[in-house]
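Chains as they are written, first to last, in the working numbering: chain Z, 18 to 257; chain P, 3 to 178.
Note that these hints are calculated values from the structure, not bench results. None of the values given here were measured: they were computed from a predicted structure. Beta carbons are placed, not taken as given, at the ideal position from N, Cα and C, and that holds for glycine. Hints are not guaranteed to be accurate.
[Claimed, not checked] Once the Cα atoms are required to be at most 25 Å apart in a straight line, the calculated SDA-like pairs of lysine to any residue come out as:
1. P:Lys115 with Z:Pro243
2. P:Lys151 with Z:Asp234
3. Z:Lys36 with P:Gly148
4. Z:Lys36 with P:His94
5. Z:Lys135 with Z:Gln109
[Claimed, not checked] Computed list of chain P residues with no C-beta within reach of chain Z, every gap over 12 Å:
6. Leu21
7. Arg30
8. Gly53
9. Glu59
10. Lys67
11. Gly68
12. Glu74
13. Glu77
14. Glu95
15. Arg101
16. Arg102
17. Tyr103
18. Gly124
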Amino acid sequence: MSYLEMDDVSKVYGEGATKVHALTEIDLSVDAGALVAVMGASGSGKSTLLTIAGSLEEPTSGKVLVGGSRLSRLSRNERARLRRRSIGFVFQDYNLLAGLSAVENVALPLELDGVPAKRAQSAAMTTLEELGLADRAAHFPDELSGGERQRVSIARAVVGERHLLLADEPSGALDSANGEAVMRLILAACHRGVAAIVVTHDAQLASWADRVVFLRDGRVVDQTMPPSRPESLLMPAPNQ
Amino acid sequence: MSVRHALLALLSEGPKYGLQLREEFEGRTGEVWPLNVGQVYTTLQRLERDGLVESDESNDDGPQKGFRITAEGEEELIKILVALHLPGVDVHEVVQVHRRYMVELMQQWTRLKEDEGHLDLGFALVVDAELFRLDSVIRWLDAADGRIKRATVEPLRPVAPTRPMPSVKRRSGVRR
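Let's have the full structure, built from the sequences with the hints guiding it.
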């Protein structure tokens, strides 16, 4: 069953001569447990797609459903609650709060949602342990490596009962080993039932996804077919 | 363009041996479509049967057997080239089909290393090598796509005189 559904979504910025069609008639659905990658050049509309899916921005037309709720029918407060409870964001530059330790950063969305501090910290600690970061819990962001910071931001995105994970170039500044570690964590979240979208221009990251959607000039122009069995790579190529 | 058409195009430059045709095909497609020798010879036999190429008189079916294009073959090739330049052929779409195919191959290779616990080191290195190779092809496609897009806005000026291409030896990479 799809957790996120974008139906005929368009986004236009500006008016008249300065009008920019950032997204045009996007149809995209992501099932619970599925990992979808969105690839495209700079300016193709990838980030706009993510901010609309995450209810940070409203589409000019079309509808967006998250967990069955149509976003345009929710009040501002209801959308904020949905973001705190159900949606996790991962950004290229981590966006961790410098004055908070790793565990406090991870606990933050739960505390903002009214979960008592002790319970929130305990849930945050459990998530950090699952991500192999228990020994870094008390460290502040500037005491962590880039890879560790991104893993903490993934912990923050999946802590509690999140169902949708939205990642914008999650390995932007990381080397390939750390990029792979990040994708393994996102994939593990999907295996637990989280629906995820990773927006990237990096094919190595995108290749971890079940489905890769290609954007060009704000339109979905193509997508991959479901991957065939890996064994097929080890067989001789069929004659053309 | 099929293998059949590509071989015809290569033969339009002059007579060639089967093995030479395979190497030139792979070299000019950036090794994106590896061809096996069997594919080359089967295609050449069909082209010969259809009267589009002819081979040496010798009975030698090995790598030293030469092939040349016939007048009918040249006519066929011209028809194809005309079709390729018809308005309505979207270059970005051609690039995208190629890009999608590469990403699908990368997805399959990535599946192989998903289960980290059971990943043999040697095999992991082979998988990485293939992923980086495919990734470089996609980067090249992205760059080409961008260059074509810019060229349609600002057409490239013709470069004169034509310089010979630098000769680059084919590397021996990891083959599927």
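Comparing the hints with the structure gives:
1. P:Lys115 with Z:Pro243: holds, 17 Å
2. P:Lys151 with Z:Asp234: holds, 11 Å
3. Z:Lys36 with P:Gly148: holds, 22 Å
4. Z:Lys36 with P:His94: Holds, at about 24 Å.
5. Z:Lys135 with Z:Gln109: Since the Cα atoms of Z:Lys135 and Z:Gln109 sit roughly 29 Å apart, the hinted pair is violated (cutoff 25 Å).
6. Leu21: With a cut-off of 12 Å, P:Leu21 remains clear of chain Z, as the shortest Cβ separation is near 18 Å.
7. Arg30: Holds: least Cβ distance 17 Å, greater than 12 Å.
8. Gly53: holds, 21 Å
9. Glu59: holds, 28 Å
10. Lys67: The claim holds: P:Lys67 sits with its nearest Cβ about 20 Å from chain Z, beyond 12 Å.
11. Gly68: The claim stands: P:Gly68 keeps its Cβ more than 12 Å from every Cβ of chain Z (closest is about 23 Å).
12. Glu74: With a cut-off of 12 Å, P:Glu74 remains clear of chain Z, as the shortest Cβ separation is near 22 Å.
13. Glu77: holds, 23 Å
14. Glu95: With a cut-off of 12 Å, P:Glu95 comes too close to chain Z, as the shortest Cβ separation is near 8 Å.
15. Arg101: Per Cβ check, P:Arg101 is inside 12 Å of chain Z; nearest 7 Å; violated.
16. Arg102: violated, 5 Å
17. Tyr103: violated, 9 Å
18. Gly124: P:Gly124 clear of chain Z: closest Cβ-Cβ about 14 Å, beyond 12 Å.
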